[in-house]
Amino acid sequence: MIHRILALALKSGVATVRYPRQPPILTEEFRGFLVFDPTKCVGCGACTRVCPANAMNLEIRGNEIVVEYFAGRCILCHLCFYACPFGALVATTSFDRTTTNFEDLFDRVAHEGAACPSCGSIHATKRLIQFVDLVLKSEGIEIEDRLRLCPECRRIEALRALNAFRIGMEREGVEHGVE
Amino acid sequence: MLSMALSRRSIWVFHLNTGSCNGCDIEILDALTPVHDVERLGIKLVASPRHADVALLTGPVTVKTLPMVVRALRAMPRPRAVLAIGACACGGGIWHYSYPHLGGFENLRKLLDSMGIVIDVVGYVPGCPARPEAIIDGIIKLVTRKEGGSR
Amino acid sequence: MGSAARVLETLVSSGIDRSRIEVLDDRTLLVEVPRNELRNVVATLRRLGARPRTMAACDDRSRDGVYRLLYVYAFDDLGTTTILSVALDPRKPVAPTVIDVDPALDWYELEAWDLMGIEFEGRKLRRLILPEDWPSNLHPLRKDVSIEEMKKLYKPLATWRGLEIGADSVALIPVGPYHPALHEPELFVLYLRGEKVVDIDYLGFMVHRGIEKLAESMTYDKVPFIAERICGICGYAHSVAYCQAVEHALRIEVPDRARYIRTLLLEVERIHSHLLWIGVACHLLGFDTGFMHTWRIREKVMVLAEKLTGSRKMYGINIVGGVRMDIDSDKLSYAEKVIEELRREVPRLISATISVPQVRKRLSGTGILEKSDATRYAVVGPTARGSGVPIDVRKDHPYAAYGELSFRVPTYSEGDNMARTMVRVEELEESFSIVEQTIDALRKVGGWIANEEYEIVPGRLGIGSVEAPRGEDIHVLITDRTTPYRWRVRAPTYQNLPALRAMLRDCDLADAPLTIASIDPCFSCTDRILILDLRTGGVTIRSVRKVVGG
Chain P
1 MIHRILALAL
11 KSGVATVRYP
21 RQPPILTEEF
31 RGFLVFDPTK
41 CVGCGACTRV
51 CPANAMNLEI
61 RGNEIVVEYF
71 AGRCILCHLC
81 FYACPFGALV
91 ATTSFDRTTT
101 NFEDLFDRVA
111 HEGAACPSCG
121 SIHATKRLIQ
131 FVDLVLKSEG
141 IEIEDRLRLC
151 PECRRIEALR
161 ALNAFRIGME
171 REGVEHGVE
Chain W
1 MLSMALSRRS
11 IWVFHLNTGS
21 CNGCDIEILD
31 ALTPVHDVER
41 LGIKLVASPR
51 HADVALLTGP
61 VTVKTLPMVV
71 RALRAMPRPR
81 AVLAIGACAC
91 GGGIWHYSYP
101 HLGGFENLRK
111 LLDSMGIVID
121 VVGYVPGCPA
131 RPEAIIDGII
141 KLVTRKEGGS
151 R
Chain H
1 MGSAARVLET
11 LVSSGIDRSR
21 IEVLDDRTLL
31 VEVPRNELRN
41 VVATLRRLGA
51 RPRTMAACDD
61 RSRDGVYRLL
71 YVYAFDDLGT
81 TTILSVALDP
91 RKPVAPTVID
101 VDPALDWYEL
111 EAWDLMGIEF
121 EGRKLRRLIL
131 PEDWPSNLHP
141 LRKDVSIEEM
151 KKLYKPLATW
161 RGLEIGADSV
171 ALIPVGPYHP
181 ALHEPELFVL
191 YLRGEKVVDI
201 DYLGFMVHRG
211 IEKLAESMTY
221 DKVPFIAERI
231 CGICGYAHSV
241 AYCQAVEHAL
251 RIEVPDRARY
261 IRTLLLEVER
271 IHSHLLWIGV
281 ACHLLGFDTG
291 FMHTWRIREK
301 VMVLAEKLTG
311 SRKMYGINIV
321 GGVRMDIDSD
331 KLSYAEKVIE
341 ELRREVPRLI
351 SATISVPQVR
361 KRLSGTGILE
371 KSDATRYAVV
381 GPTARGSGVP
391 IDVRKDHPYA
401 AYGELSFRVP
411 TYSEGDNMAR
421 TMVRVEELEE
431 SFSIVEQTID
441 ALRKVGGWIA
451 NEEYEIVPGR
461 LGIGSVEAPR
471 GEDIHVLITD
481 RTTPYRWRVR
491 APTYQNLPAL
501 RAMLRDCDLA
511 DAPLTIASID
521 PCFSCTDRIL
531 ILDLRTGGVT
541 IRSVRKVVGG
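These protein sequence lines map, in sequence, to chains P, W and H.
Each residue of the first sequence is one higher than the one before, starting from 1 at the first, in the numbering used here.
Each residue of the second sequence is one higher than the one before, starting from 1 at the first, in the numbering used here.
Each residue of the third sequence is one higher than the one before, starting from 1 at the first, in the numbering used here.
One chain only, chain P, in its complex shape:
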């Protein structure tokens, strides 16, 4: 029995990787932590919708919109990396977010919020609106005023317009108005 075990030990040799003195056994395929690039983020919130663990959060704080990556909750699925249209989340093979300070686990970007011209509530980031304008301009689409409204006001505005349209139709005596 002893000779078998000794033979096994001799054949297998030294298996230990002397991390941290030696580099770790890390393949390039490893899905590591994400690096958040604040210069590229526009605060669209696509990442927060796909994240299964809610490690990506979008929060309105005062007149700022904060995008937050909580590495402590991240399950390293990289769904946000595939979802981000701006490449603001970079996939790395880094595994070391170890810390003794809880706050170090958060990466935050505060975006300037755009206020709704009608009700004044913060509903999107200025950068996102600038980006949308840019896209619309390049497509040659005219930017209407109601695009600036928050979703709630836009809904009310749309209903109001619809209603005005219907009343107008009724006055003109059209029988089958828009419902």
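Since no wrong hints were added, every one of them can be taken at face value.
Lysine to aspartate or glutamate pairs mimicking EDC-like chemistry, simulated, CA-CA at most 16 Å apart: (1) H:Lys331 <-> P:Glu29; (2) H:Lys307 <-> P:Glu28; (3) H:Lys307 <-> P:Glu29; (4) P:Lys40 <-> P:Glu68.
Computed far set for chain P versus chain W, every beta-carbon distance over 10 Å: (5) Arg4; (6) Cys153; (7) Glu157; (8) Arg171.
Quick partial rundown of chain H residues pointing at chain P, CB under 8 Å, derived from the structure: (9) Lys222; (10) Lys307; (11) Gly310; (12) Ala352.
The hints are simulated quantities; they were obtained by calculation from the structure and are not laboratory data.
In this text the structure is predicted, and so the values were computed from the model without any measurement.
All C-beta atoms, glycine included, are put in the ideal place defined by N, C-alpha and C.
Fit chains W and H to the given chain P structure using the hints.
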């Protein structure tokens, strides 16, 4: 820094699973077995919290384990150090919205504070599961902090 | 004639009304059973040789105004699943108990009561999963209970709740919740007379994280990530089982390449899990040399998994309809190389561990589970195959690419710890061969890796089953528009744990940890004993050695 932290005395760790899925637990075992062999750094797994310098806490702290977790942490000698390993222990992980747990070590710490159980140093090792290398890093950082901090 | 048609004929000839039976597909039957006939139908199915797979309680009040119990049975020799559906009164759901005709369903009834509030007539009910101080009329899985409400209503206790005392001159040994060797916080109570175990109680479910409720608030594509985190050792099997349940419900065709990738990863996971188990078993026997060498070899499998999927354990590449990452030829060659190494290393390891006389002696003849008990408790996986019950989902109900691969199902009839060990050792060999076959197939099979063109139809029922390393995982799923309506997970250990009562009867205390570990990787040495003195109510804690040794 590494040699300073580790040469002074060996660190005994106690493993405390608070409802984890076993992913981080097998990575802790992995760190103890030949390929990573943390015993070369003097880190040893012990059977009782009374012998432990560091508690390796995994899992989101489920309500059923809570009384036992509190008991085990209370049994540790001061200065108490806890290493929260994995996404569950750091921030509740994918479960954080669910009902039968506290959602990670931060909430447990608040509860312990209210009971008068002081945790002196806390380390966080995020990852799902946390890699053995990250766990080694975590213990080293924690011990550096513990030795350097006021005692 | 399809296998479903044959089962249909058998059921009709044994007295079940033809009009109540619906054929869902050629492998699945749905039988509508009135409440008062349930016991007879269950007894009939058991008599015909059906094996209980799972039971799911559903709150269907918002769909058709009733509570519903779904009993899932399998005719393994025909590869057919039969689902019994019982509708219960929405105001006061009461079902007749079936545990006297089918003892394997004991826990399912307790769980249905605990989580869904369904009462069972003719048996004693107790809490199984939720803590003792949980509010008595708050049942988490009911649709009218929200997670926020539960968080408000229940504040966890941070102080120790004592054990309940049920025996007098018998010594109780708690195993767990925390103990020197690793793994989950679980509490076994062994009742001893002298050194012999007379009974065992399981007071576990400490890892209950509300997965099924949580999934009801998540979209279909996010759930595989939770499913994977049910277990950190055989998680991928759960995620495949979930995806298959959705695919079965929505009739989604999975591309060939995705099926092979899933098979490859399932087998990589099996290799890692079986090696892990052999290591832990050696550790429990006090043979740490074996433990260390096994884990040294296992590390190669972990690196392989990382190379193939990007993560050492939580592979995270499953989506409904296929997989989300392809495996290229470089990775396949790497996998081939690792399997070659393992083929060399594993026999060497086995000859240096399992064939050591002391290890053989400890394993042989301990923790015997007779074949009759194995069928009575409907155990699954290596536990069943070690007791001469040749069931294996991969063969009986083929999924992924297993129908196109050739492999053997190792079966031993002794039923002891040695038999269960040998089943796992031989399965390792089979897994190597399956991995090689899938690598060859993946080199030839091209095409898409996911089918993302599917329509979600609410109200469909699907079943997904996978042979995980420890036995059969089965998921029952009912669809809703954007999220699962009900998702019932049954892991193999749920089925195997109650059988411990039979395995540990009259076994020595020293063999108990290994026997407990033999159904599921891990359980360690007891480190202290609690002697309860009923006359004074005092509790003494002594070391085991003092009590047992002298």
